[in-house]
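Visitor: Once you've looked at the hints, dock chains B, C and D against the given chain A.
4 protein chains.
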Amino acid sequence: MEFTAEIRAAIEDVRAEVAALHGELTRSELVVWTGGNVSGRVPGADLFVIKPSGVDYEDLRPENMILCTLDGIPVPGIPGSEAAASSDTDAHAYVYRNMPEVGGVVHTHSTYATAWAARGEPIPCVITAMADEFGGEIPVGPFAIIGDDSIGRGIVQTLRGHRSRAVLMANHGPFTIGKNARDAVKAAVMVEDVARTVHIARSGGELVPLRQEHIDALFDRYQNVYGQAPEGQL
Amino acid sequence: MEFTAEIRAAIEDVRAEVAALHGELTRSELVVWTGGNVSGRVPGADLFVIKPSGVDYEDLRPENMILCTLDGIPVPGIPGSEAAASSDTDAHAYVYRNMPEVGGVVHTHSTYATAWAARGEPIPCVITAMADEFGGEIPVGPFAIIGDDSIGRGIVQTLRGHRSRAVLMANHGPFTIGKNARDAVKAAVMVEDVARTVHIARSGGELVPLRQEHIDALFDRYQNVYGQAPEGQL
Amino acid sequence: MEFTAEIRAAIEDVRAEVAALHGELTRSELVVWTGGNVSGRVPGADLFVIKPSGVDYEDLRPENMILCTLDGIPVPGIPGSEAAASSDTDAHAYVYRNMPEVGGVVHTHSTYATAWAARGEPIPCVITAMADEFGGEIPVGPFAIIGDDSIGRGIVQTLRGHRSRAVLMANHGPFTIGKNARDAVKAAVMVEDVARTVHIARSGGELVPLRQEHIDALFDRYQNVYGQAPEGQL
Amino acid sequence: MEFTAEIRAAIEDVRAEVAALHGELTRSELVVWTGGNVSGRVPGADLFVIKPSGVDYEDLRPENMILCTLDGIPVPGIPGSEAAASSDTDAHAYVYRNMPEVGGVVHTHSTYATAWAARGEPIPCVITAMADEFGGEIPVGPFAIIGDDSIGRGIVQTLRGHRSRAVLMANHGPFTIGKNARDAVKAAVMVEDVARTVHIARSGGELVPLRQEHIDALFDRYQNVYGQAPEGQL
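Chains as they are written, first to last, in this note's numbering: chain A, 39 to 272; chain B, 39 to 272; chain C, 39 to 272; chain D, 39 to 272.
Just so you know, the hints here were simulated from the structure itself, not pulled from any lab data.
Treat the hints with care, as some may be off.
Here are the computed distance ranges between Cβ atoms for each label pair [claimed, not checked]:
no., chain 1, residue 1, chain 2, residue 2, range
1, C, Arg65, B, Asp51, 35 to 43 Å
2, B, Glu44, A, Asp51, 44 to 52 Å
3, B, Arg46, A, Asn262, 33 to 41 Å
4, A, Thr42, D, Arg65, 46 to 54 Å
5, B, Arg46, D, Asp97, 43 to 51 Å
6, A, Gln250, C, Asp254, 42 to 50 Å
7, B, Pro114, A, Asn262, 21 to 29 Å
Using N, Cα and C, we set each Cβ at its ideal position, and we do this for glycine too.
Bound conformation, chain A alone (with noise of 0.2 Å):
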């Protein structure tokens, strides 16, 4: 493929910025060994970044990120790009295929949050934080086994329409979405943290819900207002 200077230099900062978040994904503990894998869309192309399959996260550097077309093909001919791209890349690849808004992927197998898709349980909304952040459940995906696009169907009619950016595809773990890399980073460190904090109050007794008045004032607040530069949210 012939990419303009534009586009290279876009793929070179996608690759950056998706190697240096699979360091998030180690010091928020949400990974074990090579587990987990973050993509991020080529703004103005149709194409993506991912992870190497199977490459500890100590060796994840921006040159052997993996290029691939919306169809998850390794793009040939890009110095680093020629390994294996991770064993999830046809379910990321759906994803930017039929949600056009999405401009990053994440996949990890964190403890809490697979504990509720073990049970093929959503997290209710109950504490403040999922509130703002996810505006109400986490909701759960139908079981799909690797291997075709059912990953990927899955995820995309969970959270066609929805405000949660995280789902919990049953018996195998949560998938999150974002505006870009970044964004879908951010959730899936925060679905791990609701999803611990709220098994753990459960475990204590019962949960007081909160009011879906509430529920919709922080979510709206919270996408319009925090932050320093507003930009909106999925």
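Guide: Structure of chains B, C and D alone, referenced to chain A:
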């Protein structure tokens, strides 16, 4: 605003202290992503210093801490202090206006303290470290929504006249106060520690209560004897 | 003993690898103090290399790894290798003698895996990561006391012909095997990860089982497709 | 006081060792803020060295460790040793006066051990690591309030003649003893490890008890065979 040299020096001291104390929140794993905030009153002035909104912990520096009036309004003309202040600034400001003895305020969503808050359940005082530090149970404050004074009012109503320097705001998380910012951070560390220990203790069977006379004796001793330079606590 | 130059080089390679892999045990928080041990078979020789007994993790170096025969006897005349070998050496040796396909063995008392072992309960396969890695439940081995071949026999009886590379020795803790030392360490990391996730999942309610055909499909795929250079696993 | 050169050297050795061992308490996450303390007996003298009160862990140095008589009184004229000693000094002193075989004492409020203490429940011996290290259950000591000899008496009454080097003081937390300060720190690390593992094990179902003859055999072996230079333990 014009400040005397003495006040200018005090402002810079508090900005440095407040910036550094945020490192204790991450080291003690009380926060994720950009959540949580520390503030400190400027001695001798109607001012306090607080974290900017939505900035990474590793990017916090003395020079980007925000100086505010006791109405929670950022003070113009302070280099670095033009950014948006923490979205919890109004709650901190309310506490400083209404509790003149308070020199520091901390807010986190630390896991175990927030879990008790999600059940609206106070933490019972069953270990001597909790009697030492908090003088009894950790109380629950009312449910209050961000956006006006209601969080601040809930904190003040609950903690005024109470031994505890920590309140579990319902469905939200802990706020702590102290004679200065460091003392409030200590309370934030300790409330999570006792929240975790008592949760785990109770999950294994029945707790043995402490007698009130023992709680009183421990609290009195710890406030007056512990450490190198006892100065009294709130 | 006299060794060819090739065997001498292989011994040094394995000593370096085994020493370094102990760092994964501490990084993954699978061990405390001096507990736990990794060993690796020397390719092309009836020898293996194991950790010395009761030495601090930070003091482990290639040159103090102990070279042993397959009877678990330290080989004389190897500089640094005169110290007492791990007290679990006999169990490792038994595995190497009886499972020629095994190139690495790891033992820890990691918290959640040991908790299942203390109940004598196998870990049910309810998450896809576990189907990928272990192909089904993690089995429990017999209670066996240190001091003779009974631990080694229990490991071999349980794992021979089993998909799982991990066994929970009753009231004791996990032993894992692999095609080399690194593969056995990966299994030790993963068994603790799934032990923790499944424990937490079940503590919150009823688990949704995985169907056997899905477990079979996931195991088959992961053993043959995942990673950069599939070499097959045990 | 006047000391011989030999005693002066021994004092400095123990101050260095005790200062350094506090780092193990933070690395093993047994303490928060300034809580917890390690002390060590000075060989050949009626003296011990202990942490100062309320000093940050990162500021602990050999030169600010406090030298005390066996009555728990700081020895005047020792540079750096003028500060207030740990508020638990009286308890340590009582142990040294009444258990001449003890060379080190450690106290923490580590989470899981303190949780058992808050229920006044001994930790049952259901894993081989616990039989190795403690020779049976970890006993509970009486409730005792700080300020006189009652904590020290409770420790000594419980541990004298007991295999365990750890006692869970009721509603308070663990104290451990050892042949020297390092041995007591090891016991503090191990008591938290087994407290956590057994808590988690029991929270998942019924524990399988170890038979007394197996506990006896494991304890006997571990005390006499494990490690590089067996010297016997308490």
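Visitor: Does each hint fit the structure? Answer for all of them.
Guide: Hints and how they fare:
Between Arg65 of chain C and Asp51 of chain B the Cβ separation comes to about 38 Å, which falls inside the hinted range of 35 to 43 Å. For Glu44 of chain B and Asp51 of chain A, the hinted distance range of 44 to 52 Å is satisfied, since their beta carbons lie about 48 Å from each other. Distance hint check: the CB atoms of Arg46 of chain B and Asn262 of chain A are about 35 Å apart, consistent with the given range 33 to 41 Å. Between Thr42 of chain A and Arg65 of chain D, the C-beta spacing of about 52 Å keeps the proposed range 46 to 54 Å intact.
Between Arg46 of chain B and Asp97 of chain D the Cβ separation comes to about 29 Å, which falls outside the hinted range of 43 to 51 Å. For the pair Gln250 of chain A and Asp254 of chain C, the supplied restraint of 42 to 50 Å holds, since their beta-carbon distance comes to about 44 Å. Checked against the hint of 21 to 29 Å, the C-beta distance between Pro114 of chain B and Asn262 of chain A comes to roughly 24 Å, which is consistent with it.
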